[in-house]
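**Q** In order, the protein sequences belong to chains U, G and W. For reference, each letter of the first sequence is one residue, going 1 to 216 in the numbering used here. For reference, each letter of the second sequence is one residue, going 1 to 222 in the numbering used here. For reference, each letter of the third sequence is one residue, going 1 to 264 in the numbering used here.
Hint data in this document are derived by calculation from the structure and do not stem from the laboratory. Accuracy of the hints is not assured; some may be wrong.
[Said to hold, decoys possible] Output of the computed footprint for chain U on chain W, the stretches with three or more beta carbons under 8 Å from beta carbons of chain U:
1. 167-173
2. 179-189
[Said to hold, decoys possible] Computed beta-carbon distance windows for the label pairs:
3. U:139 to W:128: 19 to 27 Å
4. U:2 to G:8: 18 to 26 Å
5. U:139 to W:129: 21 to 29 Å
[As the list claims (entries may be wrong)] Straight line, CA to CA, 20 Å or less: simulated DMTMM-like cross-link-like pairs of lysine to aspartate or glutamate:
6. W:122 to W:69
7. W:122 to W:133
8. W:122 to U:117
9. U:181 to U:3
10. W:34 to W:69
11. W:174 to U:117
Cβ atoms here follow ideal geometry from the backbone N, Cα and C, with glycine treated the same way.
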Amino acid sequence: MIDVMLKGLPFLWQGLLVTLQASAIVVVVALIAGIVFGVGLSYGPRWVAWPIRLLSDFVRGLPLLVLIFSIFYMLPLTGWQISNFASAIAALAVFETAHVSEVARGAIQSIHPGQNEAGKSIGLTFAQRMIYVIFPQALRRFLPPWINTVVDTVKGSSLLALVGIVDLMLSIQQVIGRTFKPMPMYVLGAVMYFVINYTLSQVSRRLEARFAYVRE
Amino acid sequence: MQYHLNFNLVWKYFDRLSWGLVLSLELAAVGIAIGIVIGLGLAVLSHGAGRIVRTLVAAYVEFIRNVPLLLLVYLVFYGIPSVGGFAYDATTSFVMTLAVYAGAYLVEVFRAGLDAIPKGLIDAGRAIGLTPAQLVLHVRIPTMIRIVLPSLGNAFISLFKDTSLATVLAVPELTYGANWIYTNTFRIVEVYAVVAPMYLVTGYVLLFALRQLERRFAIRRR
Amino acid sequence: MSGNDLRPLVRVRGLTKSFGSNQVLKGVDLDVMKGQVVSVIGASGSGKTTLLRCVNLLERYDGGSIEVDGVEVGYSDANGRRRPRGERELARIRADIGMVFQLFNLFPHLSARDNVVLGLRKVRGMDRAAARELAEQWLVRVGLADKVDSLPIELSGGQQQRVGIARAVAMNPKVLLLDEITSALDPELVGEVLTVVRELAKDGMTMILVTHEMSFARDVSSRVVFMDAGRVAVEGPPSEVFGIDTQTHERLRNFLARIEMKRA
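Please model the complete structure; the sequences and the hints are all you need to start from.
**A** What follows is the structure in structure tokens.
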């Protein structure tokens, strides 16, 4: 068992790097876009909030795999020349953005509207209110659930293997294709995913406990 | 790029989609049924049990929650038979995986539910002389079911979406049907223009049904 | 004495406002001269809080006008067309109108000093040292010299409200709006807040107060306005409005009687 694992390790390691790279890009894109959309959902006029709401519900109501397949196979039809890797992570980024925007919306809307009013009353502009009043308070309620979306991104990235991206999941399959010994590779791969995600969820749990103290 | 919409090819093979949808719902239903047994059993077991039991249950939960479902699907279907010597078909394998997956999430749901049972009910049960076993059966479990109903419903809807992974084992559920039609007709836009709403509408119908059920049965926590 | 002193600092004419199908303000007229303290009283639903919140545009009004220091707050006149003001314009107008809230609305992540400093730095553009010094001066004036570094969660209700007053007043507003600022306070903390308000009135701050504290209103106001069903029903000096034996307006009489009964 162990020697099979050791022989496969270098290949899995390469796959892991791809997984981490894909996840990192998606996390950053989804974080920025998600916060923008979350603010739009919370404070935007109807013609801004409703389309975001509709799109977000649409994306979150679909299985991730369906989203990946449809975006991955439909993008080439637009004539746009982007790489497989880019279209695959675009699909994952759309999915995660929808989730992050929900987390952001929840965090922002959990803040008492009086805070926004107090900011208005001393003459702060919208951007100033966001930066100095709302975001500092929303951060506490945003971080723990956001880290959960990061974990979901890493897990979701395993589906990229199904459109040919050689991530950790696909490297596992490839090694098994050569060695015909599935179990050691699955176990090794599981351990690798576990280490990353467990660490992240522990951070999330610690943050949640820490923030729970500071209740106003 | 020229692309002429032609839905006829999709309607021609529509029964792959409609029966696929039915299969997806069945997979989710059986998966959550077994998952409930696992989750409830482990929750009751670890409620007030020793440290070893609770750690083992926690290890199971943490493992399942941090490893991708796809990997679990492969592990159960390809990995276990290779060391166990036995084999099972794709559908059984997938349902087992779903059950184990759901079970891990439901343990937490049930544990929180058990903790949320108003103490007054337990005291009342003890006062009329119920044994611990009877308490569990007649007071704890029925009350807890009403408390966890919303979470159970949401887990089912989630699981329904997760059935799309059965595609990789060639289980003919909805996503597999969609891919089959795409591979044979290349009508990607039409196929997903039909399949995506199927998932969405089913999801909303389930959500609606859940709200109705909640209105009748769930205990509103004050 | 320049002509401007004769113009009301706050001029409300024919103000109307509806929330959906419910018309809360049905045509309100009000003048507040510089240095005056006007108390607005009335039953809940009479529109008094809505009126106040329209002055600094926390609520947009539908019809009529509100002018603060000659400038209409809600709408601008671009090429003869009446257009609702955008957020940037509103921010500038709001900088000159101060508000103190019933629920304090202090920024919980900032100390008392920083609550006051925020507006001074970001809106008035003061540098850090000057802003801190001005903030501290105001906190001393409201009696919180030893609490400048405290977080709101460490302060009592009365202390928080005094920080709220300091935050509003440090901006040097033309008019100060006070929205039932003692309603959420325990009775023994009300006095310390009213003392501060009394001081501000004595120093000539123009104020519009929505309040339930009748004795205080009688004490500190130049004029009292009684609102009923979205309109100004009675208006006059405190002695006239509160003279329960001489007051002829029936609804006001009933209102005053109810208030007296509650205090009994």
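**Q** Indicate, hint by hint, whether the structure satisfies it.
**A** Hint by hint, here is what the structure shows:
no.: 1; hint: 167-173; in the structure: holds (count 3)
no.: 2; hint: 179-189; in the structure: violated (count 0)
no.: 3; hint: U:139 to W:128: 19 to 27 Å; in the structure: holds (23 Å)
no.: 4; hint: U:2 to G:8: 18 to 26 Å; in the structure: violated (56 Å)
no.: 5; hint: U:139 to W:129: 21 to 29 Å; in the structure: holds (28 Å)
no.: 6; hint: W:122 to W:69; in the structure: violated (23 Å)
no.: 7; hint: W:122 to W:133; in the structure: holds (15 Å)
no.: 8; hint: W:122 to U:117; in the structure: holds (16 Å)
no.: 9; hint: U:181 to U:3; in the structure: holds (11 Å)
no.: 10; hint: W:34 to W:69; in the structure: holds (9 Å)
no.: 11; hint: W:174 to U:117; in the structure: holds (19 Å)
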